[in-house]
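Sequence lines, in order, name chains A, B, C, D and E. Take 1 as the starting number for the first sequence in my numbering and just add one per residue. Take 142 as the starting number for the second sequence in my numbering and just add one per residue. Take 645 as the starting number for the third sequence in my numbering and just add one per residue. Take 963 as the starting number for the fourth sequence in my numbering and just add one per residue. Take 1070 as the starting number for the fifth sequence in my numbering and just add one per residue.
Simulated from the structure, these hints should not be mistaken for lab results. Glycine residues also receive a C-beta, built at the ideal position from the N, C-alpha and C atoms. Hints are not guaranteed to be accurate.
[Unchecked claim] Label-pair distances were calculated between CB atoms; the ranges are: (1) C23(A) to A649(C): 51 to 61 Å; (2) A218(B) to R1050(D): 47 to 57 Å; (3) P63(A) to G913(C): 35 to 45 Å.
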Amino acid sequence: MENIPDIWAIFTYAVVIGILLACMLGLSAITGTRRSGSDMGRSMSLPFESGIVPTGSARLRLPVQYYMVAMFFVIFDVETAILMTWATVVRETGWVGYAAAFAFIVFLAVSLAYLWRAGALDWGPRVPMRPVAEMRKDQVS
Amino acid sequence: MNPLPVLVLLPITGGGLAWLAAHIRPHSARPSARDASWWTVLATLIGETLALAMVTFHHTGHAGPWLEHFSTPWIPAMGIAVRLDIDGLSLSMIWLSLVLCFLCAFLVPRQDMPGAGTFHFLFLATLTGIIGTFLATDLFLFFFFWELMLVPMFVLIAAWGHEDRQRAAMKFFIFTQGGGLIMLLAILGLVMTHFRATGVLTFDYFALSRTPLSPALSMLLMLGFFIAFAVKLPVVPVHVWLPDAHTQAPTAASVLLAGILLKTGGYGMIRFDVMLFPDAASRFLPVAMTLGVVGILYGAWMSCMQDDVKRLIAYSSISHMGFVLPGIFGGSAMGMQGAIVQMLAHGLGTGALFLIAGAIQDRLHTRDMRHIGGLWGAMPRLSGTGLFFAVASLGMPGLGNFAGEFLVLLATWHVSPVTATLAASGLILAAIYALRMVNRIFLAAPRTDLRPVRDFPARQMAIFACVMAFMVVLGLYPQPFMTFSAPSPLSVTAMPRPEGRAP
Amino acid sequence: MTYPALVAIILTPLFILGLATVLTWVERRLLGLWQDRHGPNRVGPGGMFQAVADGTKILFKQDWVPPFADRGVFVLAPAIGMMTVLLSFAVIPVTLRAGIAGDMNVGLLFILGMMGLGVYAVVLAGWSSNSKFALLGGMRAAAQMISYEVFMGLSLLGVIMMAGSFSLRDIVAAQDRLWFIIPQCLGFGVFMLAGIAETHRLPFDLPEGENELGAGFHTEYSGMKFGMFFIAEYAGIVLISSLVTTLYLGGWRGPLLPPVLWFALKTAGMVAFFILLRASLPRPRYDQLMALGWKVLLPLSLFNVMATGTILMLRASL
Amino acid sequence: MDAFSFNDTLLLATIMFSVGLAGVLVRRNMVFMLMSLDIMLNATALVFVGAGARWHDATGQVMFLMILALAAVETAVGLAIILCLHARGRPTLDADTGNLLRGRQHG
Amino acid sequence: MIGHDLFLPTPLPVICAGLMIMLAATAWRRSVGRGFSCAGVTLLLSLAAVGRHTGRLPDDGGSLFIQDQWTAYTAILIVFSSLCILLMSWRDAMHDRDALVDEYPLLLMLGTLGALTMVFSVNYMPFFLGLEIFGISLMGLMAFGRHPVLAGHEAAMKYLILSGVSSAILLFGIGLAYGVTGSLRFMPPVAAGDVPPALSVAATVMILVGMFFKLSAVPFHMWLPDVMEGAPVPVAAFLAVTSKIAIFSSLVRYFGTEQQAVFVDDILYVVIILTIMGGNLLALRQVSLTRLMACSSIAHVGYLLIAFLCPGHMQSRAITIYLAAYTASTLGVFAVMTAFATADGPDGTVIMQWKGLFFTRPFLASAMSLMLLSLAGIPPGIGFFAKFEIAAAGVEHQRDILLCVLVIGSIIGLYYYLNIIRVMISVPSLPPSSVTRHVRPELTALVIVLTIIVVIGGLFPARTLHPFLPVPAVASGTRDGTVH
């Protein structure tokens, strides 16, 4: 384990950064101006929505794509992790390792193709292409 | 060609044919086409009888007690083979079965029955199981048939029975199956003991009979067998299924149940309990006697309490089969003979009684004795038959039951006079319930206005007459039956064996 | 741990902070230059002290935590953002010797991990603000960053395969004959795009998207906490630039000049490139951004991995 | 010259595992249950890494990767199911409200 | 270095390839029929490939997979049951346009792949992989619920959480075992070095607990009825049959058939008693047929474990035949259920829907009765012989208490199986003419085939089953020969 000193160095570094950040936050807390009571205007206690008084909860229901991206990330990131183990030893594992990685990537690509075709990668509803004539008809009527 | 597998397979094949026959032209207008299924059954029974007759009369010249043997490997790895043997005991039991089946086939009303084909198939399948049970000398095979006869019987009761049929069928199945599983363990225990002692894995009855057993173990195994048979017989604490099943079953099934299925219990006790574990059986005698006496008295007492005809007969069966127990375990040849005769007589008598009760129910649509009465005037032939069998049931000297009961009581007297006395007092109760039944159904004033009902036709009366004749012969001159149906001792294995059996 | 190393450890974050602060000025000046207008030019010579003025202002602004926000998380979020970026610098080998833990054998993985943690900063900021704009911005940022993290990792596979190591110093050493930008041009392209998306810089700054979402995930932030997000972004630019330098441009290697200078030059060039991109490119729609990632970059980087592997294997076996 | 002995690793892993298990048992929010599950899985992954270090054997790390993949897939599938439940009109993430499968019983 | 010991039983790559082709085909253009036929062809191919393998078993025992009679046997069972389940779902898939069922055969194949991997593995790594592939594909399958959609998802979620917990426990045990022995070989750990033996005991116990969870043995059984009720009927069959075969086969391979450590025996003893009694008693109260089948499958696991606990010369046969009997009969029940279900009418999951079946559809009713009787252990079904063998194994080892439990359990079981037959016999509430029949040739064929298997297996077990008899794991010495 030759990188033990490295770990300690990084640890120290992290501590130093932590202290630094704490100083920054603390300093601004000390130096910053303060308002209290009636000085705090009503508008300061409202979330910013471009000048409109907010209505409803801020806990929105988000489009499903966000969740899908989360799932795909989880999957593909782990695939990356597995590929990385091969990446460092490409030459050592030889053609067998190459074949394994190749199969793996093919599987991955096929799954990606499947996801693509299934529409999982599309954001928003698919807008059907309509011929121009039809749109004209709509306008006329 | 060896007749034994034919005996076993013929009924089920016939059953299949009967089922097919009913399905070929089910809606034909001609009665002969509608009854095709029934004719097939009849043909099967006749064929079976012929085969049996061949066995009976072909080998009378031989000296050995085992009349016939058949063996073919089945599951060699487990030492399981299809081993069928027949001796006098099995033979007489099968004869009894056939006679009763004929009775059923002729007397059970067969018009307007839904699913006649299936009914006949199940009926014959039950018969297969029963005959298989009487013939098998491989313990696994025996168990196989033992289980096999339950299923069709279950369906018969559950599908064609009376009001509360399904609960009764479940009760019947679970009790018998539970007993069967315990017997399975006992069989396996015996086989394993034999395997440990000799290194040979076999289910052969004759081989297993030579297994060296410690007294405790043999007692345990004997009990395992005993429980299964006791459920079937039935012995008192485990009899609960019987009144329900008998009452709710359709007539034919009642006859099969009372006439034959109960006998498999007795047959099993003789063949397996006493023959395989003679020491344990003799040590078990006091318990068996107590159970027997309790059964006699309890059955008779309960029988006196009933209003339902079929229920009354069912309880009387318990009482009658109570005599079998001390007879079998008494250890004397006389007791054994008495038990066998009792079984035969009870099979015929009770079977006939159930048929009569069924006939009454078909005609009057009730089994409640409080609503029946004065049948003598309306149906003299039916009533006369009923009277005859009721009297047989109470043990009238000169009829089969008397011979059986007398022999058993005599044998018991030698062992334990107190028991014999108590058992004999059961006969008094028997007289009460039998006469009470006769009195209320046939003799008392009519309770309801009897619509014009059909009496037994002459054809049926002829059959009943045959049965009555049997009963009389059994009562007056039982000796031929006794010698004929004595169980073969194990030491004498069968006659010339072409295949050569593993020892 | 040696004394000089300790000094380096303490000075590095300060230096990076300073650099990032200065970069805010540099960027505005450069944008002015490229867009043919003036940048900040009042404070100090050439507006040089503009950054100092901004810093001072930020320090004295009100330390405001909105009452509707989730207080603890709200304060923590910018610190996390800052922390992950600064920590990533630890494994960057400025020269053969300089660098805090440049020898770390999983250096590249460490950086990827830190970038992964960086997502928390924006998500937590957006969530804890309890405001619709902030939440939407945070979610957009999260989706974008985690998506592009996948492609970034995959695009790096080519480099790792060629170098046979995760250690950044080994990777630089493997480029003694040829910079990886040439054999790995595909990977480089993907990595650049992913790097821009990771730092949510223009043109991929949809999480902030001021014309749609106010200021995105840091809408409710002000004062030093906003400043930290701001600084972290510039530190991120420096980080990506120095990573590109290390991974694709041969790191400190170069003729004549000392290694440190070479490294600084290359990094500065990359930073300038970032700013140039901002000056010249329009912003795509969000769905276009995601489609670009999943439908173009991912297959491309998979292809890159396979191609690199094939060539490596062929070369090894011939 | 191991940085941590196997027993220390094991201790840490056990603590993590217990925390995760407690989480699964106590939390009723399905997302939190998923997270607790991941903690449990990560604890087991830690055991493998520790054991691999003890025997200087790479298979431990291979198992670690496998567990990582498993955790990822399980999380993904779990999220998908939660999403479906949510989309089909179950407004809450509370696991206790799922009572469609109690089994109707006699009486 | 990897190239030398790439030992791979052929069914695995065959199914993998089939999976990829199917996935690509789905991506190209969706077609339910093609997906199903592709899956069927792949399963048939893999059935043909059982027993073959590529590469050669390395001498140093570092292999991940193994190929012997036991694996061949269980693999055949698994592929066969998958085929049956594919057939069962055919009708729903082809005639229910609302459901997006293109992925259904895909997931089914994936599950089969997982089960096969488990069966073939002699290393924790592929075992664990197989377990998870199986579990995760199952979650997907459950969500295909046709009628109460939410129920399917709820079932899947329940399964996810519980199987996740059990996987974690199992994995922790494996990790401990690895820490104790330094090897991932698939066998109970034997402590080496300075690690206290308590660790290896803990490892074994945790692995056992994990396996019991997956097998749904009693203290860990509560999920199975819920999950099976929520899942579509064919998926419930998959859960009840395939997973049981795969995990039980692994259990046999893991502990071998030799005498185990005492504590394992004790644990098993208690678990068996609880499992048989618990499963049967639970089943008594069910009105849903799928739940009832779930409970009965719990009980059957208990019976199987009795044979597992009785090493010796009966054991191998008992386990083999019982597995076959259980598979055929359970599949039969589910096949009849699918055949009974109609698209708009009753789906057969509630027992009362079966009322009067003997009069409306006698063939189905007879087949159903046969299967149920076989499960209950009554001739002429194959289950009779199987239970007989189990009892024989138990008697040989004088496991008296277990045998009593077996008998009591069987009697209770008899009650609820018969109860279904009773319901089928009772007079129908509807006149026969009003019952619409949807006769599907493939389902009829399936039911007939299974019926024949059950009857022939019950009447001639010697002829039909003994050629397949495997020599499980250690007892044969194969493991000793291959893994040192």
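Here is how each hint holds up against the structure:
A hinted range of 51 to 61 Å is violated for the C-beta pair C23(A) and A649(C), which are about 22 Å apart. Checking the proposed 47 to 57 Å range against A218(B) and R1050(D) shows it holds: the Cβ atoms sit about 55 Å from each other. At about 39 Å, the beta-carbon gap between P63(A) and G913(C) stays in the expected band of 35 to 45 Å.
Checked against the numbered hints listed earlier, the structure breaks hint 1 alone; every other hint is satisfied.
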